[in-house]
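Given these sequences and hints, build the entire structure.
Top line first, the protein sequences correspond to chains E and Y.
Mapped onto my numbering, the consecutive letters of the first sequence carry residue numbers 1072 to 1186.
Mapped onto my numbering, the consecutive letters of the second sequence carry residue numbers 589 to 700.
Honestly, the hints are just simulated from the structure, not real lab data.
Fair warning: there could be bad hints in the mix.
[Claimed, not checked] Once the Cα atoms are required to be at most 20 angstroms apart in a straight line, the calculated SDA-like pairs of lysine to any residue come out as:
1. Lys658(Y) x Gln597(Y)
2. Lys1095(E) x Arg1112(E)
3. Lys658(Y) x Ala636(Y)
4. Lys658(Y) x Val672(Y)
5. Lys658(Y) x Glu1082(E)
6. Lys1149(E) x Gly1099(E)
7. Lys699(Y) x Asp659(Y)
8. Lys699(Y) x Arg648(Y)
9. Lys639(Y) x Gln625(Y)
10. Lys658(Y) x Thr612(Y)
11. Lys1095(E) x Gly641(Y)
12. Lys639(Y) x Ala1138(E)
13. Lys1095(E) x Asp1134(E)
14. Lys1095(E) x Glu1133(E)
15. Lys1149(E) x Glu1082(E)
16. Lys1095(E) x Ala636(Y)
17. Lys1095(E) x Leu633(Y)
18. Lys1095(E) x Lys658(Y)
19. Lys1149(E) x Thr1172(E)
20. Lys658(Y) x Gln591(Y)
21. Lys639(Y) x Thr1172(E)
[Claimed, not checked] Pulled a few chain Y residues facing chain E out of the computed Cβ check, cut under 7 angstroms:
22. Gly630
23. Thr656
24. Arg657
25. Gly686
[As the list claims (entries may be wrong)] Derived DEER-like restraints, expressed as beta-carbon distance ranges:
26. Gln602(Y) x Pro1141(E): 45 to 53 angstroms
27. Thr1147(E) x Glu626(Y): 23 to 31 angstroms
28. Pro1152(E) x Thr650(Y): 25 to 33 angstroms
29. Val1124(E) x Val672(Y): 20 to 28 angstroms
Just so it is clear, CB atoms sit at the ideal spot from N, CA and C, and this is done for glycine as well.
Residue strings, one per chain:
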Amino acid sequence: DAGVIQSPRHEVTEMGQEVTLRCKPISGHNSLFWYRQTMMRGLELLIYFNNNVPIDDSGMPEDRFSAKMPNASFSTLKIQPSEPRDSAVYFCASNPGTGITYEQYFGPGTRLTVT
Amino acid sequence: GQQLNQSPQSMFIQEGEDVSMNCTSSSIFNTWLWYKQEPGEGPVLLIALYKAGELTSNGRLTAQFGITRKDSFLNISASIPSDVGIYFCAVTFYNQGGKLIFGQGTELSVKP
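Shown next, in the form of structure tokens:
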């Protein structure tokens, strides 16, 4: 079975450019989570969706970050404009539904470098 | 906000040795999870614990959910080189929609 799929795996961009990260959750999973991982701050939850609806975006650093989930099999995390301090590994994770389990399954991540 | 204290931060051990790491919190949680992350990959779920006092094994790994619901430990027996990676504990509340809070991680190095 396919796990969580993320693209691209690596992204290098210049400051000020728009960046779009993509995620396909595991088929049948109802919850989707976006995380950011840095050496300084570890793994931080940015936003999560239940049944395609954003539930908690309190972890989104600022208005430059936005996330959408137009359907059950696709989500995007957009940064516009990007800044060097956004450089990090961004993970997407999915969960079958919090009424079933709290176990989250992570994708391989997108390593973002903003120069 | 809530914080998890995970220790040790790093461990350097010889192949064949047993390993123990733990996570503590000042708050009570309903679920404890243990993940392993290898370089260039996302965290992989190892063990999930749902009841205070629960002891669960997964191969050479054993984890326990503390009776006070404020701590958990993970043991690895007879370590092998492929055990290398960063181990994270994570917790959640039932009423938090599945949000996970992660510990800082324990980096494990195994010398063949």
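Cross-check of the supplied hints:
1. Between Lys658(Y) and Gln597(Y) the CA atoms are separated by roughly 19 angstroms; this keeps the pair inside 20 angstroms, and the hint holds.
2. Restraint check for Lys1095(E) and Arg1112(E): not satisfied, since their Cα atoms lie roughly 25 angstroms apart, outside the 20 angstroms limit.
3. Distance hint between Lys658(Y) and Ala636(Y) is fulfilled; the C-alpha atoms sit about 15 angstroms from each other, no more than 20 angstroms.
4. A C-alpha spacing of about 27 angstroms is found between Lys658(Y) and Val672(Y), which places the hinted pair above 20 angstroms, so the restraint is violated.
5. About 39 angstroms separates the Cα atoms of Lys658(Y) and Glu1082(E), which puts this hinted pair outside 20 angstroms; it is violated.
6. Of the supplied pair hints, the one linking Lys1149(E) and Gly1099(E) is violated, its CA atoms being roughly 24 angstroms apart against a limit of 20 angstroms.
7. Restraint check for Lys699(Y) and Asp659(Y): the C-alpha separation of about 29 angstroms exceeds 20 angstroms, so the hint is violated.
8. A C-alpha spacing of about 18 angstroms is found between Lys699(Y) and Arg648(Y), which places the hinted pair at or below 20 angstroms, so the restraint holds.
9. Between Lys639(Y) and Gln625(Y) the alpha-carbon distance is near 24 angstroms, which puts this suggested pair outside the 20 angstroms criterion.
10. Of the supplied pair hints, the one linking Lys658(Y) and Thr612(Y) holds, its CA atoms being roughly 6 angstroms apart against a limit of 20 angstroms.
11. A hinted pair counts as satisfied when its Cα atoms are at most 20 angstroms apart, and Lys1095(E) with Gly641(Y) does not qualify at roughly 36 angstroms.
12. As the CA atoms of Lys639(Y) and Ala1138(E) are separated by approximately 34 angstroms, the hinted pair breaks the 20 angstroms bound.
13. Distance hint between Lys1095(E) and Asp1134(E) is unfulfilled; the C-alpha atoms sit about 24 angstroms from each other, more than 20 angstroms.
14. A C-alpha spacing of about 24 angstroms is found between Lys1095(E) and Glu1133(E), which places the hinted pair above 20 angstroms, so the restraint is violated.
15. About 13 angstroms separates the Cα atoms of Lys1149(E) and Glu1082(E), which keeps this hinted pair within 20 angstroms; it holds.
16. For the hint linking Lys1095(E) to Ala636(Y), the alpha-carbon distance of about 24 angstroms lies beyond 20 angstroms, and the restraint is violated.
17. Distance restraint check for Lys1095(E) and Leu633(Y): the Cα-Cα separation of roughly 18 angstroms lies within the 20 angstroms cut-off, and the hinted pair is therefore satisfied.
18. The hinted pair formed by Lys1095(E) and Lys658(Y) fails the criterion: a straight-line CA distance of about 34 angstroms is larger than 20 angstroms.
19. As the CA atoms of Lys1149(E) and Thr1172(E) are separated by approximately 28 angstroms, the hinted pair breaks the 20 angstroms bound.
20. Between the alpha carbons of Lys658(Y) and Gln591(Y) the distance comes to roughly 11 angstroms, so the proposed pair stays at or under 20 angstroms and holds.
21. At roughly 13 angstroms between alpha-carbon atoms, Lys639(Y) and Thr1172(E) fall within 20 angstroms of each other, so this suggested pair holds.
22. Nearest Cβ of chain E to the Cβ of Gly630(Y): about 3 angstroms, under the 7 angstroms cut. The hint holds.
23. The beta carbon of Thr656(Y) comes no nearer than 19 angstroms to any beta carbon in chain E, farther than 7 angstroms, and the hint placing it at the interface is violated.
24. At its closest, the beta carbon of Arg657(Y) sits 14 angstroms from a beta carbon of chain E; the interface hint therefore is violated under the 7 angstroms criterion.
25. A cut of 7 angstroms between beta carbons decides the hint on Gly686(Y): the least distance to chain E is about 4 angstroms, and the hint holds.
26. One distance hint, 45 to 53 angstroms for the beta-carbon pair Gln602(Y) and Pro1141(E), holds here, with the actual separation near 51 angstroms.
27. Between Thr1147(E) and Glu626(Y) the CB atoms are about 26 angstroms apart, so this pair conforms to the stated range of 23 to 31 angstroms.
28. Separated by about 48 angstroms at the C-beta atoms, Pro1152(E) and Thr650(Y) break the suggested range of 25 to 33 angstroms.
29. As the Cβ distance of Val1124(E) to Val672(Y) is approximately 39 angstroms, the hint placing it in 20 to 28 angstroms is violated.
In summary, the structure is inconsistent with hints 2, 4, 5, 6, 7, 9, 11, 12, 13, 14, 16, 18, 19, 23, 24, 28, 29 from the numbered list given earlier, while agreeing with the others.
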